[in-house]
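Protein chains in written order, with my numbering: chain A, 1 to 472; chain B, 473 to 569; chain C, 570 to 1041.
Incorrect hints may appear among the rest.
[Claimed, not checked] Lysine to any residue pairs mimicking SDA-like chemistry, simulated, CA-CA at most 25 Å apart: (1) A:Lys382 <-> A:Met392; (2) A:Lys130 <-> B:Asp519; (3) A:Lys17 <-> C:Lys800; (4) C:Lys676 <-> B:Asp510.
Quick caveat, the hints were computed from the structure, so don't treat them as lab data.
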Amino acid sequence: MSEFTPTIGIEVHVEVKSKSKLFSNSANTYGMATNTAVNVIDLGYPGTLPTINKEVIRQGIRACKVLNCDITRKMHFDRKNYFYPDNPKNYQITQNRTPIGRNGYVEIEVDGIKKKIEIEEMHIEEDTCKSAHRGSVSLLDFNRAGVPLIEIVTKPCISNSKEAMAYLTKLKELLFYANISDCKMEEGSMRCDSNVSISKDDTFGTKTEIKNISSIHNVGLAIEYEIKRQEEMLNNGEIIREETRRFDDKQGKTILMRVKETGNDYRYFIEPDIPYLELTDEFINDSLSTLPLLPDELREKYSKVGLSSLQIEKLINNRPLNGYFLGLLSYKTNYVTAVNLLLSDISSYLNKHNKVVTDTHLSYEKLVSVIEALETGDLSNKNVKDLIDSLMETDKTLDELKKEFNIENITDDTFIKNIIIKVIDNNPDSVNDYKNGHDRALKYLMGQVMKETKGTVNPKLANDMLISLLNK
Amino acid sequence: MDKLSREEVLHVAHLARISLTEEEIEKFRGELKVLMDDIDKIKDVKDFDDGMIYTPIEDNTRLREDVVGEMLSARAATINAPKKNGSFIEVPVMINE
Amino acid sequence: MSKYLDLSIKEIHELLVKSKITPLDLVDEALKRIEENKDLNAFITINDKVREEAKDLGEVDPDNIFFGIPIAIKDNIVTKDMRTTCASHILDNFIPIYDATVVNKIKEAKMLIIGKTNMDEFAMGSTSETSYFGSPLNPHDKKRVSGGSSGGSASAVAGSLIPLALGTDTGGSIRQPASYTGIVGMKPTYGRVSRYGLVAFASSLDQIGPMTRNVYENAALLNILVGEDEKDLTSVKKEKEDFTRLIGEDIKGMKIALPKYFISDIVDEEISKRIKEVISYLEKNGAIVDVVDMRYLDTAVNLYQIIAMAEASSNLARFDGIRYGFRASDVDDVDSMYTKTRGEGFGDEVKRRIMIGSYILSGENAKVYYDKALKVRDDITKEFNRIFKDYDLIIGPTTTRVAPMLGITKDDPHKAFMDDVLVIPVNMAGLPGLSVPAGINSKGLPIGLHIIGKAFDEATIYHLASFIEEVL
Chain A
1 MSEFTPTIGI EVHVEVKSKS KLFSNSANTY GMATNTAVNV IDLGYPGTLP
51 TINKEVIRQG IRACKVLNCD ITRKMHFDRK NYFYPDNPKN YQITQNRTPI
101 GRNGYVEIEV DGIKKKIEIE EMHIEEDTCK SAHRGSVSLL DFNRAGVPLI
151 EIVTKPCISN SKEAMAYLTK LKELLFYANI SDCKMEEGSM RCDSNVSISK
201 DDTFGTKTEI KNISSIHNVG LAIEYEIKRQ EEMLNNGEII REETRRFDDK
251 QGKTILMRVK ETGNDYRYFI EPDIPYLELT DEFINDSLST LPLLPDELRE
301 KYSKVGLSSL QIEKLINNRP LNGYFLGLLS YKTNYVTAVN LLLSDISSYL
351 NKHNKVVTDT HLSYEKLVSV IEALETGDLS NKNVKDLIDS LMETDKTLDE
401 LKKEFNIENI TDDTFIKNII IKVIDNNPDS VNDYKNGHDR ALKYLMGQVM
451 KETKGTVNPK LANDMLISLL NK
Chain B
473 MDKLSREEVL HVAHLARISL TEEEIEKFRG ELKVLMDDID KIKDVKDFDD
523 GMIYTPIEDN TRLREDVVGE MLSARAATIN APKKNGSFIE VPVMINE
Chain C
570 MSKYLDLSIK EIHELLVKSK ITPLDLVDEA LKRIEENKDL NAFITINDKV
620 REEAKDLGEV DPDNIFFGIP IAIKDNIVTK DMRTTCASHI LDNFIPIYDA
670 TVVNKIKEAK MLIIGKTNMD EFAMGSTSET SYFGSPLNPH DKKRVSGGSS
720 GGSASAVAGS LIPLALGTDT GGSIRQPASY TGIVGMKPTY GRVSRYGLVA
770 FASSLDQIGP MTRNVYENAA LLNILVGEDE KDLTSVKKEK EDFTRLIGED
820 IKGMKIALPK YFISDIVDEE ISKRIKEVIS YLEKNGAIVD VVDMRYLDTA
870 VNLYQIIAMA EASSNLARFD GIRYGFRASD VDDVDSMYTK TRGEGFGDEV
920 KRRIMIGSYI LSGENAKVYY DKALKVRDDI TKEFNRIFKD YDLIIGPTTT
970 RVAPMLGITK DDPHKAFMDD VLVIPVNMAG LPGLSVPAGI NSKGLPIGLH
1020 IIGKAFDEAT IYHLASFIEE VL
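Isolated chain A (complex conformation):
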């Protein structure tokens, strides 16, 4: 019965991956001892000046590319002036007039319908320091001060919580894949603010801002709650104030933080310590040359080599494994078998030992030989399970390992023949069933063969031999 149309805009801050900070060369890290990843610039010491980290500008260019933004060729930085203890200079260096990217979009799909979420602008700025509150005092740790951030601002073009969640999921996937940010909302390397308003006509209603929501799921809940709250207010004839709220996930409610003063007076002006920065074609192309394949490009590529959509999504969700698989594509092999192996035995091994595939001894050549052996029947799935530790931990070839594990014996015809004859002799009923046309009996007999050999025989070879002996 809702006759209101919601309008939602989303602002996302992501911490940019780099070795050093945006305006100083102290470390951009997480989890160092209090106030040890700092220098005089991060502390805003008198007389200090900013320098610009080249890698952060490169990351900004990459972010423009993956979010389809126009790149601003000539830019400057601006000072946003506001007093707050976590803001060391009491101004933040950001980009107000010349954001590095404009007019971008992210394509999402909700209930089978595609939509472009338009990005108004994207800019580079520095993070504040971290504060912890202890009763009547707050404690400041400046390790985070000056960490590079990219802020991405959508147009107010999102219609509901599903779209908002789809946008954030996609944005996270893109920035994570492009290696621009870790996008860990729980560690604060991705932060999200939502602006929500509702209206009965084409004009925008008064918006409220919901700050620092801790997960994509909660963004959905917060938006839904906020839309409902605003509808109830308007239906009751109440007036919505422009205010900042936060989402309390335990109560499932948005809670008032502060009513906005009439227009924030940030006293922006151009940062005079940083002359114009002009991006050349060469610099832009060079920055983009290291951009990895993005999820949609991967999806297309993988479906062409015959992977199922389930396999594709599983692979994309595991970036190290995906990177490894991408490398495998330059080898000629059965990719479906490869992915099955990667997602089963290899993944179990990696999870068990808490390793990534690139830290193991599994060379592409070795993997290809395993796949081949599985195809020809020289190796059973059981064999792979037995060999997995050695495959991952040693440089021995498959042939060497087969010798070591006595896997070669099982292709010895006489050995297998003797076992099969024994099984036929011990199971006359099943042999009869088979001769009367019951295929299931063959499976049973084959099972007995495997049991006798503890699964070490080449199954294809054993199967062929069983049939020929039964048919004698």
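Since chain A is already given, all that's left is putting chains B and C on it; use the hints.
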């Protein structure tokens, strides 16, 4: 002589985060008015073209290679802070969280 | 009493090379002179380790004329482990933990830092009377000011306490006190000398420069100070050059412009007359001097007020009692920590300027005042460029009057700017400018001649200045 109102003085003092005594408020009502009249003269200047400079430096900004440099110890980082608490710098509790 | 410090740097150097004297002798003489002239109030802090440093200086370097020469540093340039106050209560116990780039250069040149000189609080003022430590006096007449904001450096050099000093010039703060005290003061081209470690007043105008007894020593000291600094993005890379190279050459054919405004009725008659005498002397020696019309010169003070106060309001926001400096006692909430610390820590001139500066940037005012000022700043720069198409140098008086009596500009918010009406245009255009003594008035007070050069053409300024010094 023209003077600013009390409220006008308190407004700019708030922007600059400066506490003023009653005596100072009175004093600045006149003094700030003089300066505001001074800066108002810019409105009458006819500018020649649309060019605008915010720094005399026209060169393209240099970019720094992404290499971590020397950092301070927690002791050095907090050595000048009027209030310390372990390795932290202490301030009165921040409420706008 | 020894009078080594009255000798030229070259002569002192010879004595050092011949081991007739030691750096310690020079330091002891300087300390004695400072002690005997305490009433000049030229210094805020004396380097209590300077005698040790003099002893530890090592072998005299015969190729370095500055080896072992004592120098004074204005107290807004940070010195590691040596108190740096900016003549403000808010920093009166501040011990920096790093050295300014120019201080590193001074130390590398084996000069000895004798102490930190008095100045207007945060360099805001034109008489040094806004200092928290009281006003320095003019050695020519102790009832008069030594100018500002580098008044302490001017007093120290003019009073023969020390042969060399560093000043800083945002709107005439080197040249005007040099003129009032009869010494040589150079504001180099913006970008010539690194600002890293100079406590910013107005970032787009500030520049460090030498204040000395004569032209040669000024140029030689500038040789040491210049150079691109990776820590300051506004410092510029230039070919290495010797600024003394044109000193002593004749001035035949030199083309000099004299803007009408510089000899208009805003200038004291005695000063105008003296400048005209100097000009006719230059003409007799083959220079071509033309009176020219220059637009926008009379807008410079207006521009300065807007740009300098706006930038200052942001630059001084960092003084909040959190990371360094003074914090007001009995503050139990964030807001009173800011307002009481800053209310008690800053003097009136600083308060006025940062309040007006905040006002200038507030809301729509930023467009009306700040953006407009940047436009006119572009116009005045273009006007200088136009003149410099036809002329090598521009000259005029440095100041409209001789050093005023103590107390007459204090607490007059408007007059404080009018002392610098002739020198401010140079900062707007980022050009180099120098004041050289051009005789005295009927009361025996110094008159300064102002020489303005093309960007990065300090050598030609020294050329003319040395000629004037020689013939007068």
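To see whether the hints hold, each was checked on the structure:
1. A:Lys382 <-> A:Met392: The hint holds at about 16 Å.
2. A:Lys130 <-> B:Asp519: violated (45 Å)
3. A:Lys17 <-> C:Lys800: holds (22 Å)
4. C:Lys676 <-> B:Asp510: violated (43 Å)
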